[in-house]
Amino acid sequence: MNILLTSVGRRTYLVEYFKTALEELNGKVHAANSVETYALSQADAFTLTPQIYSDTYISFLLDYCKKNDISVIISLFDIDLPILANHKKVFKEQGIDVIVSEPEVIDICNDKWKTYQFLTKHNIKTPKTYIALTEAS
Numbered sequence: 002m003n004i005l006l007t008s009v010g011r012r013t014y015l016v017e018y019f020k021t022a023l024e025e026l027n028g029k030v031h032a033a034n035s036v037e038t039y040a041l042s043q044a045d046a047f048t049l050t051p052q053i054y055s056d057t058y059i060s061f062l063l064d065y066c067k068k069n070d071i072s073v074i075i076s077l078f079d080i081d082l083p084i085l086a087n088h089k090k091v092f093k094e095q096g097i098d099v100i101v102s103e104p105e106v107i108d109i110c111n112d113k114w115k116t117y118q119f120l121t122k123h124n125i126k127t128p129k130t131y132i133a134l135t136e137a138s
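For what it's worth, our numbering labels the leading residue of the sequence shown as 2, then goes sequentially.
Please keep in mind that the hints were generated in silico from the structure rather than gathered at the bench. A virtual CB, placed ideally from N, CA and C, is assigned to each residue, including glycine. Just to be clear, a hint being listed does not mean it is correct.
Here are the simulated BS3-like cross-link-like pairs (lysine-lysine), alpha carbons at most 25 Å apart as the crow flies [claimed, not checked]:
(1) K20 x K93
(2) K67 x K89
(3) K90 x K29
(4) K89 x K129
Restraint-style ranges between C-beta atoms, simulated for each label pair [unchecked claim]:
(5) L26 x Q95: 18 to 24 Å
(6) A22 x S60: 40 to 46 Å
(7) N124 x S55: 23 to 29 Å
(8) A137 x E25: 51 to 57 Å
(9) A133 x D45: 48 to 54 Å
(10) E136 x Y18: 41 to 47 Å
Work out the full structure: start from the sequences and follow the hints.
Given below as structure tokens:
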């Protein structure tokens, strides 16, 4: 099993964790980032990608995964999550699992007000939150 860690940045410790975990499976850890970082050099292989919001980002990742027999993608950057979540089906059709929540979940987690509403709806204790300062007085 080969995996791709996207937006790896400076997270060398995660590259090392996955390399250790895949060692017995003879799997390789690939890392991707849009700029060169030290963590890239710690992976078994790496690639420089287009920017996350580029029109070619997803097709680039698909092509890279196919060429390198990658079956799992894990993002290490929250900005990458909605982009990958919205394309999970495209990857799955190519036999690639993207380990990411559904777009609706990511949308809630990326919005403090939606998170507050979700927590209160499900009776999870959370600090009182207001969307406007005038409501808080």
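Pairwise beta carbon distance, A22 to S60, judged against the given window 40 to 46 Å
Violated: the Cβ-Cβ distance is about 29 Å, outside 40 to 46 Å.
Hinted pair, alpha-carbon criterion (25 Å max): K20, K93. Please report holds or violated.
holds, 23 Å
Take the C-alpha atoms of K67 and K89, compute the straight-line distance between them, and say whether it is at most 25 Å.
Holds. K67 to K89 sits at ~15 Å (cutoff 25 Å).
Okay, L26 versus Q95 on CB: inside 18 to 24 Å?
The hinted range 18 to 24 Å holds for L26 and Q95, with Cβ atoms some 20 Å apart.
Given the hint that K90 pairs with K29, test it: the Cα-Cα distance must not exceed 25 Å.
Distance ~23 Å between K90 and K29 Cα, so the pair holds.
Status of the given 48 to 54 Å range, CB of D45 versus CB of A133:
holds, 50 Å
Look at the Cβ atoms of A137 and E25 and judge whether their distance stays inside 51 to 57 Å.
holds, 54 Å
Please verify whether K89 and K129 have alpha carbons no more than 25 Å apart.
violated, 35 Å
Okay, N124 versus S55 on CB: inside 23 to 29 Å?
Since N124 and S55 have Cβ atoms about 42 Å apart, the given range 23 to 29 Å is violated.
Looking only at beta-carbon atoms, does the pair E136, Y18 fall within the given range of 41 to 47 Å?
holds, 44 Å
Hints 4, 6 and 7, counting from the list given before, are not met by this structure.
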